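Asker: Chains E and G, in that order, give the protein sequences.
Residues in the first sequence are numbered from 847 upward in steps of one, following the numbering used here.
Residues in the second sequence are numbered from 175 upward in steps of one, following the numbering used here.
What the hints contain is simulated information worked out from the structure, not anything from laboratory work.
Here the structure is a predicted model, which means the values were calculated and not measured.
For each label pair, taking beta carbons as the anchor points, the in silico distance ranges come out as:
no.	chain 1	residue 1	chain 2	residue 2	range
1	G	Asp-404	E	Asp-891	17 to 27 Å
2	G	Asp-610	E	Asp-891	20 to 30 Å
3	G	Lys-572	E	Lys-1014	50 to 60 Å
4	G	Met-175	E	Gln-975	17 to 27 Å
5	E	Thr-1325	G	Asp-404	35 to 45 Å
6	E	Arg-911	G	Lys-617	45 to 55 Å
7	E	Asp-984	G	Lys-617	48 to 58 Å
Cβ atoms here follow ideal geometry from the backbone N, Cα and C, with glycine treated the same way.
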Amino acid sequence: MIPGNQIGPGRSGLIMEEPLLWERGAKGRCGMSIPESDVPPAQIDDSLLGEGPNFPDLSEVDVVRHYTHLSLWNFGVDTGMYPLGSCTMKYNPKINEQIAAMPGFAEAHPMLPDELCQGTLRLIYEMQQALCTISGLDAATLQPAAGAHGELTGMFLFAAYHKSKGNKKSKILMPDTAHGTNPASAALCGFKPVKIAVNENGLLNADEVRELMDDETAGIMITNPNTLGLFESNIREIADIVHEKGGLVYGDGANMNAMMGITDMKKCGVDVMHWNVHKTLSTPHGGGGPGAGPVCVVKELEKFLPSPHITFDGKMYHRRTDLPDSLGRVHSFHGNFGVLIKAYSYVLSMGEEYLRRASELAVLNANYIKEKLRGYYYLAQDAVCMHEVVFSDKFQTEYKVSTLDIAKRLMDCGYHPPTIYFPLIVHGAIMIEPTETESLEDLDEFIEVMKAIAEEAKTDPDLLHNSPQRYKVRRLDETAAARNPRLTGGQ
Amino acid sequence: MRYLPHTEDDISRMFQAIGLKGFDELFAAVPASCRHDAPLDLPAPKSEWELIDYMNEIQAQMAVGPSYHVLIGAGRYHHHIPCSIPALMSRSEFLTAYTPYQSEMAQGTLQGLFEYQTLTARLLGVEVANASMYDGASGLAEALLMSLRIKKKETKVAISSAIHPHYREVVRTYFAPTDFEVIELPVLADGRTDLSAAGDIEGLAAVAVQSPNFFGVVEDLSAVSATAHDKKALSLVVFTEAMAYGLLKRPGSCDADIVCGDGQSFGMSREFGGPGLGMFGCKQAYVRNLPGRLVGKTQDVDGKTGYVLTLATREQHIRREKATSNICSNQGIMTLIAAMYMASMGGTGLRTLARQNYDKAEYLKAGLLAAGGRLTYSGPTYNEFVMEFDCDFAAIQKRLLEKKIVAGLNLGQFYENSSNKWLFCATETASRKVLDSVIEEVKA
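Take the sequences, apply the hints, and build the full model.
Answerer: Here it is as structure tokens:
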């Protein structure tokens, strides 16, 4: 089981070679049964016609083998542990996929009149209510298509709110532990991020906020727990300072997996927050999406939520568009509805009891790893952590082993690496978030592997430098890829 | 709970190991004043079978196939989905993987994205395509912002009023906090955009049209590019029906600079409007201004070909507030679905099916004309068209609904003086029998 020996979990696999799609197939094949037309061919003006896309022609078997081979080069949560900090790679329940595929949902046209789509509107409405209950906030929209889109919606809301008050705001406070999406989302709305450094304990200082919070500042974006895995215990005081100056408090919900059933965001002073349902609420990441980024707000801000807003009058569900203060529409239709079904299925499967238990166990798992790896890896903050713990390569650098080497060696041991080099304020960060769906045995195995890698760093650093060895490719040249971008293939 | 593996014994051993007494100590950092006062008011946990029953009850409140036939498009289209696609996309190696930052263990996703970028570029006739945006509407908003980054001195964009009304709403949302101006171009009698209206605008960064547009009318894309380029602006083409480019001229071949739209037609269900797929491409010259992720080809230390995320210095996690967009998660698995669809159809298949779609809509159009309908716009259309009637079509619509046919989208909700205008859609999934029922009802 220990790296360096030749056997370990997940380390042997069937690695098939597979050409690119257009290197397969033969002209005239087709992988889909196109029905015979039951109407006569119509006239078309030749000047409209194009030459048709230059796609390869493949049979169904060609396509199935191609993608099956590709899938064998991938690693998912179903394959093994994925301890990516701030990404919450928990197990994605199978039943959620089945429910999302129910024809009443999958075949629903988004332009159906309200009376013909009561089911989908009801699901949206119930999910809005559930998210308000869990967050403690008052109203919700499910339109944003991902977490960053939710942040952007939150920033549109900040802008709409300040505009309604006649306020001119050009800045926004941003802790240096923020995700990169926070400053980018704020910038899209014309807010200039003003950095606040966290203190020696990894937390925000209320005094620092008081000093920076001026009349031109729209508010603050806070991730809580922050990306050091710590709860911002001064959050209420900070929120009060921001509110006194006429600002709003944005809560980045990326780390909500530590908070369900425990923390009430309204009591923390948060005015607006987004959810990452592909993190906290178990929907699959799909190799980068689709996600969904619902946004919850306090009552005072409800009127600014996107249009349409889904409401219930006691008998019928409605899409309201008569919202003069609304920030407008952020999605073509109702957001990533198919993803939201999965998230709602998860909420209903868990109920109050198990949502809270999930957060508790996520935090317990992270603290267990923290204690067990203490001394083997440098601990960025020695405190009880929330759902994630940040180490670094400080002990390993003397052997010329870096965080990247440790990450690549972990791959050969059958694990997806943790989040690395983030947060930026920890040099060589290794950010571990085990999530609650990993069992004690699986944690112990991961811990043993991490300890063994720390030992290898001393005794055989080249083993780490030369990792990974057991995948289809070894370390790839990212610099060359960026210098001379080759973004399409074939002719 | 089956997703939570911890036994009580595990939990007590773990607390012992970390030297804490219980969950209260674990959460000591959360002040009492920040906590929920009471347990969350949520229903009790449901078993799998209770959940299926509950969701079945909800989905039963819907007008959907097979009992209903919905002849509405307007941005979401009913096309056949080969059974191989849901089977392949449900492979958890794709579905449960993260964004492929650790490229060595994500070559499946990465090669899949590289192939998607290639096929999308070929479909749209552009040199490069990114690894997706959320949807067509946000893609358009980002494309317009991109044009203003490229044309740094300009402050305005002109967009056709024949672009999907929801897309224009999203554009307005994205532009509201900026100092940029969005000007809408009117529509001519043939249903095409009045490009002459762009002529007088100073400071223009882009001219954007949708083709086929919201009325189904195929725009003259070469004229759009010529107009934009005359003004030293970029030409931008958006689409809601990707199927059209199996038959019609590709925007890139008409000299469009940026092309974006929704790829839902390629293997995705309508799902009440999402997830779809924001397809997004441009000329090579603008690649460093692209929003979103890109996959590039490279080599490993042994010289073996592999794929990585590239040009990340445009992106939020590196460039932060100076990034080309804030987008992080995109539509991942939907790109693979679209690529699987394009591969399953092949060039030959897509041509055949795109033509069949055209024939179906033309059949319905001809039938409704013969039944007394009038075309609002004289220009050529694809899959959708707008009609007016002397009779009360709203009453006909009600009668069709009794036959479980949903036909015609009233344009009064989107445009002034349009409550007598109806947008129809027919794709390959509409049988002649259903189309005939609509035509018969109008005749009657």
